[in-house]
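Following the hints, complete the assembly by docking chain S onto the known chain C.
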Amino acid sequence: MSTRDPAGPGHNPARRQALSCLASWTGAAVVWTVAGGVPHALGATGSGTPATAAPDALTFVQISDTHIGFRKPANPDIVGSLRRAIGEINALPQTPAFVVHTGDVSHLSKPEEFGQARELLQELRVDRVHTVPGEHDTIDEGVTGYLKYFDHDGNGKAWYSFDQAGVHFIGLNNVLNFKAGTLAALGDEQLAWMKTDLAHVSSSTPVVVLGHIPLWTIWEPWGWGTADSAQAMALLRPFGSVTVLNGHIHQVLQKVEGNIALHTAMSLAYPLPTPGEAGIGEPGPVTVPAGELGKLLGTRQLKLVRGSHELALIDKPLAG
Amino acid sequence: MNHTLFRDLRPRLRACASLALAFGAAFVMPAILATAAGPATAVEVKIAKFAYDAKEITVAPGTRVVWTNRDETPHTVTSNDKSFASKGLDTDDKFEHVFSKEGDFGYICTVHPFMTGVVHVRK
Numbered sequence: 001m002s003t004r005d006p007a008g009p010g011h012n013p014a015r016r017q018a019l020s021c022l023a024s025w026t027g028a029a030v031v032w033t034v035a036g037g038v039p040h041a042l043g044a045t046g047s048g049t050p051a052t053a054a055p056d057a058l059t060f061v062q063i064s065d066t067h068i069g070f071r072k073p074a075n076p077d078i079v080g081s082l083r084r085a086i087g088e089i090n091a092l093p094q095t096p097a098f099v100v101h102t103g104d105v106s107h108l109s110k111p112e113e114f115g116q117a118r119e120l121l122q123e124l125r126v127d128r129v130h131t132v133p134g135e136h137d138t139i140d141e142g143v144t145g146y147l148k149y150f151d152h153d154g155n156g157k158a159w160y161s162f163d164q165a166g167v168h169f170i171g172l173n174n175v176l177n178f179k180a181g182t183l184a185a186l187g188d189e190q191l192a193w194m195k196t197d198l199a200h201v202s203s204s205t206p207v208v209v210l211g212h213i214p215l216w217t218i219w220e221p222w223g224w225g226t227a228d229s230a231q232a233m234a235l236l237r238p239f240g241s242v243t244v245l246n247g248h249i250h251q252v253l254q255k256v257e258g259n260i261a262l263h264t265a266m267s268l269a270y271p272l273p274t275p276g277e278a279g280i281g282e283p284g285p286v287t288v289p290a291g292e293l294g295k296l297l298g299t300r301q302l303k304l305v306r307g308s309h310e311l312a313l314i315d316k317p318l319a320g
Numbered sequence: 321m322n323h324t325l326f327r328d329l330r331p332r333l334r335a336c337a338s339l340a341l342a343f344g345a346a347f348v349m350p351a352i353l354a355t356a357a358g359p360a361t362a363v364e365v366k367i368a369k370f371a372y373d374a375k376e377i378t379v380a381p382g383t384r385v386v387w388t389n390r391d392e393t394p395h396t397v398t399s400n401d402k403s404f405a406s407k408g409l410d411t412d413d414k415f416e417h418v419f420s421k422e423g424d425f426g427y428i429c430t431v432h433p434f435m436t437g438v439v440h441v442r443k
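Those protein sequences? They're chains C and S, same order as listed.
For the record, in the first sequence the residue sitting at position 55 is 55 according to the numbering used here, with numbers rising by one throughout.
For the record, in the second sequence the residue sitting at position 89 is 409 according to the numbering used here, with numbers rising by one throughout.
In isolation and in its complexed conformation, chain C is listed as follows:
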């Protein structure tokens, strides 16, 4: 079940106040803390002056679903939307350690789309950008075309891991299709790699997992889930703090399962409907009135304070 308040309503007055402040700051922002912690970075941002995070805090930004190559009425200027987000990220008072892109970099897996996306992402004034593939990035030749532009560690796989500031990050490819008529999956080879990778990580290390399609089943009829996500969750369950960042559904949803918090992000291209939305039977692009689109697209900034399991997320629409 999805929830919009993992800590429970009224659970934490300071947090509630921060939520209220942030709502007025951005118009439609949603703030989240993980594992019921106090959101360190939020008070000052709520007053309109972005906070300076604690010296030992790691900050990074998540963007998702840029769909470079998309040219439809739902967003006639996706390049403009991405550039606007890049401008906002470059203007952050504290330069993020890196930016993660949770998939659907391109719309049709075309080389020129990957090339344009890579050029645009180079406008980000950060050390590096970590991407994972979406199903739109693997249309014609699986992950091969995507890897020509986004093979981060040169291993020829779209999955990888790295450590930063005491946090273990894992990038996954969960858009592989192994069986007709089912959800996409991680596959046995990748699950085996994940098990080996995590074997060297202590259970007190915070883990952040990046994957395109949600690692929990939100709406199976639309393919909004990962067939073998339960096996991945079983590997992550022993860890004290796990944060899973997904894209794919172009809207913010959260779920907490024990020590594992799962979050989907907004897109930078176009909105998708809510499952079960009246009159909409399929997950196609939604065209909204002029002036509304920016409220439905956006970025996410994350702050992790070393030595704690708390993690603050700020979802910020392009237009507040």
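Hint data in this document are derived by calculation from the structure and do not stem from the laboratory.
Heads up, some of the hints might be wrong.
[As the list claims (entries may be wrong)] Here are the simulated DSS-like pairs of lysine-lysine, each with C-alpha atoms no more than 27 Å apart in a straight line:
{"no.": "1", "chain 1": "S", "residue 1": "K366", "chain 2": "C", "residue 2": "K195"}
{"no.": "2", "chain 1": "S", "residue 1": "K369", "chain 2": "C", "residue 2": "K148"}
{"no.": "3", "chain 1": "C", "residue 1": "K179", "chain 2": "C", "residue 2": "K110"}
{"no.": "4", "chain 1": "S", "residue 1": "K421", "chain 2": "S", "residue 2": "K366"}
{"no.": "5", "chain 1": "S", "residue 1": "K421", "chain 2": "C", "residue 2": "K179"}
{"no.": "6", "chain 1": "S", "residue 1": "K369", "chain 2": "S", "residue 2": "K407"}
{"no.": "7", "chain 1": "S", "residue 1": "K402", "chain 2": "C", "residue 2": "K148"}
{"no.": "8", "chain 1": "C", "residue 1": "K110", "chain 2": "S", "residue 2": "K369"}
{"no.": "9", "chain 1": "S", "residue 1": "K407", "chain 2": "C", "residue 2": "K157"}
Then chain S, alone, in the frame of chain C:
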């Protein structure tokens, strides 16, 4: 002019037909069509609202099946036995395949693997 028919022709054939029209030789067209299309009859399958319509079809051997993507989202037509596979089809893109042998040919959209269809080929 039969617009439905024209829309379904391959670009090269369409160019030929246009050329014929340009020369005012409209009477040549039926001959061109018969030659280029061959004996195969065409059956259309529409891709709309993340589904193949019709999801199941039964055709005779030699039938040409033409899929057209009417969604704003890309889809593919990819057979389970790898005997045919389209590229990613953007809006209004087409893919066609001539089924020469009898059998049941299941296919999916690799972008959205919950989308399935089947072509039954029967004499």
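To see whether the hints hold, each was checked on the structure:
Straight-line distance between C-alpha atoms of K366(S) and K195(C) comes to about 43 Å, which puts the hinted pair past the 27 Å bound. The straight-line distance between the Cα atoms of K369(S) and K148(C) is roughly 32 Å, outside the 27 Å bound, and the hint therefore fails. Between the alpha carbons of K179(C) and K110(C) the distance comes to roughly 24 Å, so the proposed pair stays at or under 27 Å and holds. At most 27 Å may separate the alpha-carbon atoms for a hinted pair to count; K421(S) and K366(S) meet this at roughly 23 Å.
Simply put, K421(S) and K179(C) have alpha-carbon atoms about 24 Å apart, close enough for the 27 Å limit, and the pair holds. Between K369(S) and K407(S), the direct Cα distance comes to roughly 19 Å. Compliance with the 27 Å bound is thereby established for this hinted pair. Only pairs whose Cα atoms come within 27 Å are accepted, and K402(S) paired with K148(C) is accepted, the gap being roughly 24 Å. This hinted pair checks out: K110(C) and K369(S) have alpha carbons roughly 23 Å apart, not beyond 27 Å.
A hinted pair counts as satisfied when its Cα atoms are at most 27 Å apart, and K407(S) with K157(C) qualifies at roughly 22 Å.
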